[in-house]
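Listed here are the chains, written in short residue letters.
There are 6 protein chains.
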Amino acid sequence: MRPSGRAPDQMRSIAIETNFTIHAEGSVLVSFGNTKVLVTASVEEKVPPFLRGKGQGWVTAEYGMLPRATHTRGSREAAKGKQSGRTQEIQRLIGRSLRAVVDMAKLGERQIVIDCDVIQADGGTRTASISGAWVALRLAVDKLIAAGSLTEDPIEDSVAAISCGIYQGTPVLDLDYDEDSVAEADGNFVLTGKGRIVEVQASAEGATYDEEGLLRLLRLARIGCTDIFAAQAKAAGR
Amino acid sequence: MRPSGRAPDQMRSIAIETNFTIHAEGSVLVSFGNTKVLVTASVEEKVPPFLRGKGQGWVTAEYGMLPRATHTRGSREAAKGKQSGRTQEIQRLIGRSLRAVVDMAKLGERQIVIDCDVIQADGGTRTASISGAWVALRLAVDKLIAAGSLTEDPIEDSVAAISCGIYQGTPVLDLDYDEDSVAEADGNFVLTGKGRIVEVQASAEGATYDEEGLLRLLRLARIGCTDIFAAQAKAAGR
Amino acid sequence: MRPSGRAPDQMRSIAIETNFTIHAEGSVLVSFGNTKVLVTASVEEKVPPFLRGKGQGWVTAEYGMLPRATHTRGSREAAKGKQSGRTQEIQRLIGRSLRAVVDMAKLGERQIVIDCDVIQADGGTRTASISGAWVALRLAVDKLIAAGSLTEDPIEDSVAAISCGIYQGTPVLDLDYDEDSVAEADGNFVLTGKGRIVEVQASAEGATYDEEGLLRLLRLARIGCTDIFAAQAKAAGR
Amino acid sequence: MRPSGRAPDQMRSIAIETNFTIHAEGSVLVSFGNTKVLVTASVEEKVPPFLRGKGQGWVTAEYGMLPRATHTRGSREAAKGKQSGRTQEIQRLIGRSLRAVVDMAKLGERQIVIDCDVIQADGGTRTASISGAWVALRLAVDKLIAAGSLTEDPIEDSVAAISCGIYQGTPVLDLDYDEDSVAEADGNFVLTGKGRIVEVQASAEGATYDEEGLLRLLRLARIGCTDIFAAQAKAAGR
Amino acid sequence: MRPSGRAPDQMRSIAIETNFTIHAEGSVLVSFGNTKVLVTASVEEKVPPFLRGKGQGWVTAEYGMLPRATHTRGSREAAKGKQSGRTQEIQRLIGRSLRAVVDMAKLGERQIVIDCDVIQADGGTRTASISGAWVALRLAVDKLIAAGSLTEDPIEDSVAAISCGIYQGTPVLDLDYDEDSVAEADGNFVLTGKGRIVEVQASAEGATYDEEGLLRLLRLARIGCTDIFAAQAKAAGR
Amino acid sequence: MRPSGRAPDQMRSIAIETNFTIHAEGSVLVSFGNTKVLVTASVEEKVPPFLRGKGQGWVTAEYGMLPRATHTRGSREAAKGKQSGRTQEIQRLIGRSLRAVVDMAKLGERQIVIDCDVIQADGGTRTASISGAWVALRLAVDKLIAAGSLTEDPIEDSVAAISCGIYQGTPVLDLDYDEDSVAEADGNFVLTGKGRIVEVQASAEGATYDEEGLLRLLRLARIGCTDIFAAQAKAAGR
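Residue numbers (the working numbering), protein chains in the order written: chain A, 26 to 263; chain B, 26 to 263; chain C, 26 to 263; chain D, 26 to 263; chain E, 26 to 263; chain F, 26 to 263.
Next up, chain A with everything else stripped away, as it sits in the complex (with noise of 0.2 Å):
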């Protein structure tokens, strides 16, 4: 029994509001339960140096979490005067799932900036991230085509993100806090549209797993994906 009482290939209720901000190209509160994450796209016209005169574009992430998002008080990162390597792995992984579908010819010469910042956490939030990183990016690149300023769409499929686990020995969909801290294995699952693979990052914690384990995080993380997809469509108006 999942201490919030859903079944093992449950999601939580997942949420996307978009233009939750006005100045942003982009931007959305993506909820996935008591999960909360402003993701905001800014759309640049530069590149980071090493492509610049290069003729193509880049797609960034930058991720922070509010000092009381979560239960106890965490430290301020910018009060310490550094992002932990936590944030650094989180924001990597959001920029890496983002270029995986987007044709950085199509964009042109400029940068699309995602900045994901966690209101309220509750597991999941780079999970939560990606998928409402999408839908910012997607509605800063319509606002672009809009105005002309891109012929072609540069994004290619949708992305989305869940996290699988095995929680006393069962594998299952969209961890929350309660189970995310005492799960035995944890799994981040970042996958296309069309059901193709970006990114699996799955490690034990306590104990280890084995190959069927993961074959069956895989197969939640589907099922998790198709509700996201769905949100992240519906959102997005498309």
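Hints are all accurate, no fakes.
The list treats identical chains as interchangeable, and a pair is accepted whether it falls inside one copy or across any two copies.
Straight-line Cα separation of at most 30 Å, DSSO-like style, residue types lysine-lysine; simulated pairs:
(1) Lys-79 <-> Lys-131
(2) Lys-131 <-> Lys-219
(3) Lys-79 <-> Lys-105
(4) Lys-71 <-> Lys-107
(5) Lys-71 <-> Lys-168
(6) Lys-219 <-> Lys-168
(7) Lys-259 <-> Lys-131
(8) Lys-71 <-> Lys-131
(9) Lys-79 <-> Lys-168
(10) Lys-168 <-> Lys-259
(11) Lys-259 <-> Lys-219
Everything labelled a hint here was simulated from the structure, so no lab data went into it.
On the provided structure of chain A, position chains B, C, D, E and F as indicated by the hints.
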């Protein structure tokens, strides 16, 4: 004529939504027009080193702005590895303003940390932060009282803040970004519910001002704070 | 009775020793009683990136306190690896105060950097810094004029600063450390030679104050600045 | 055809030279072809703050790359003043992988710190690090057992890691730099001697992959780890 | 011919003004010609962690240069966020030089922190710092003795330092900036009042030197230090 | 009697293994007894900003010590976020020593970066670094000559370094850790193949020394460097 069409002594609409997040002992989303700040109050059963064993409490504050809270994306302070002088100046002001109305002996040997994170900026983020912070603090203290952790209420008065400035030669109340960026003078006033002054910070920007100007700004501030005190009382259920 | 025996509206003795060091275009050792600050003005034939090519100049300031300027040794900011919030707040105030009386277009595309280093502290280091900085700036600009680099004087007015506060219920002028550390309210006032206000920063410390209190502090500040303007004029040979 | 002429399921030659340095309780120079990593295990009779007094131990890891371990010189992280996100990601993976096979209660209240420093890089530095680290850890624990500091062996299984990826459409084992830099997908697999999975991290790079692709990589990883387990056993004298 | 017209073995005029500031237990303004350093000695009734409970004291030093102590303004180390290698090298030398003549057991479990801040630089700032620091230390220890905190004098000898170098082929004493910037070799010599050597640091700059050259520099240093010892004795009232 | 049983003027065995790594233009593993340093020379076709366009080259050095190169593990500088004063002092000495024998005009507008990373420490890491660095530099320059990038050899002499000190009253050559940690005086001497002095750094540690002592250390250094020059010549194939 103000860009927003407001009268010189007209505030933007104020909203203070309580319990915006679930983990913090006190939390509000405070809006002054398009400026939106998420404020949380976190109770910690410890005090900073310089107060240990002195039988009194502490209230402190941290401030941050999400990278795309603004018209163009600013860099993330956590990524840059330090808080700007502006950020530090603001968070010091917030902490000082709240401490002016709290009896630290009555609070007991515990600390309340206020986090003000700007979700969307349109001028006046520091005054919205202070005004919302008082409500978050009030809610957190109410929980301590309800739980029997406090026998006496350590909050002696309410506190609110508003910006006033001289825009195109006219003193105006509650500057938004369009006004703030070109104002000849810009002041932040922190007042208490009983009509006392906690802090005045009034800077010339490109032009100097005189005593009469200062007093006119202060009188506008009193008008604005009356509205804020009402919104605070309603939000705090007082 | 003030600890120093001074009358409530009595300044400490002011001294402004010019050309205290040999390399800087302008340099003074400014003393407000036992508070001593070495101020230098350095002319640089370049401007910060945000002003390049705009045909105007810039004045900025940095502030520091020698570790043993104070009663007990403080840690060295260079060794700690960062400037405190207090330091940044002060240096921003110094820069803003000077810029209020300089016509940046007349200064031309060059920068004047003011360095205020506190040799000995006894309260009022920021106001002594501003007051001395104007003289250092004046000397540096005079050299530019003498050298023919400037054809018009970009300095439009003089600027001075003084602290006033409420000590044991009485408004007093030019607080020294003994007063400052226990004052109920503490304000810094930056005024121009023509009687205009550049900046007011008045904070309650443990007690709040009212409009009448603010005005009494401002009037004391005018008295004090009169003395400072005289000392500045004499030092600057005007 | 692979650049090195290897068959798709062919590892590079593996060497694990023990006692490469004299001071560490365990030390090895591990080579996967031209990738060479110096790994040391240091026993410290203390634990991190969060574990104090809990009667259990800890295993953690740090990773670094010498500036000229690579084709062109990279900047020195100590000189830049921070570890990159990549470095932090890798050292977190190494620590997690080792902890998966250690019984912390049996280790007692002591910490073993693993240092992995890449002397020469040609792809696969993180997997060589994990594989070598297990031997260094084994040697250090053997010393603790020989000295009577441990009565039970806290190491429950061996652990090894290998990269696999899709190179020009073909799944291949143990990517070297020439392959790694252009692979369509790149995975790191951490397996135990008993055949269990500790961690899978498989990322698409420019192309996505499918479940069959993931399984083929995992199967290649099993082949490679068989070789590594043999080399580990021989090096550790088991 | 030296730029200053001095004879090869001629020092600049030395001045050591005691009690330059009021708070420090010992303070001097030391001048070697146009080089001026403010040195304070601060007594702290604690020792660094590595000495706690060992019944002995410590003497350490920090060094800084005001941004406009030099011909052109240098950046402020506190603002840059780190001390340069040069700064660290110098402050380590100052501390080592003083510790060579102090009996740490006699000092008791307390620390004396020397701060050397260069007000104006014209070559030889580190040697002026060491020479002045001994006087500041002497004054601070005299106060401890006078107060009865010390029963035995922990200072066993005086210590002074001077630079010598090879300028246009000729060994010269006490290099000023004009010489220092083009000298073929540059040495700093730290000697004791009893004629012993504490430290020799002699570097070729563009040319190498030989044993005879080293000895000639050392002999010049003895000449210079004789003057400094006399100035120190007079300043310290000995 | 020395702890190692060596005669006072006896070096430890020296080994210089060339081409220890494959990527660097020059690389050696240099051993002075148990002290082992990996040194690489990297050629970069650019110069630091202060030399751009001046038609001359630069040689610089960085130094690091692996955390467990020492008896007990030291913290990793990259993780702490800064290089220690000792590290900076050493890397500045290495760079200066090499530059003393290189004609920068002949090197052309390129930079050679020397990295010295201590694999295992037993005293004398900086002198082993300098001695090995010359060989790495020699190998890198030989490649530039062989490739036709240089027409004249910019290396004018060889350079080697050795430590000497006073151990239990006796001057001894090439201190190992057991001697170094208790020596009364400790000097590092950098000499050229033609018998010239590049740098002398001789510090008293707990005792002072005299001119005769300095000369005896210098003479021992000459003996030691003779051995090192022979090892360098052999390693460099000269």
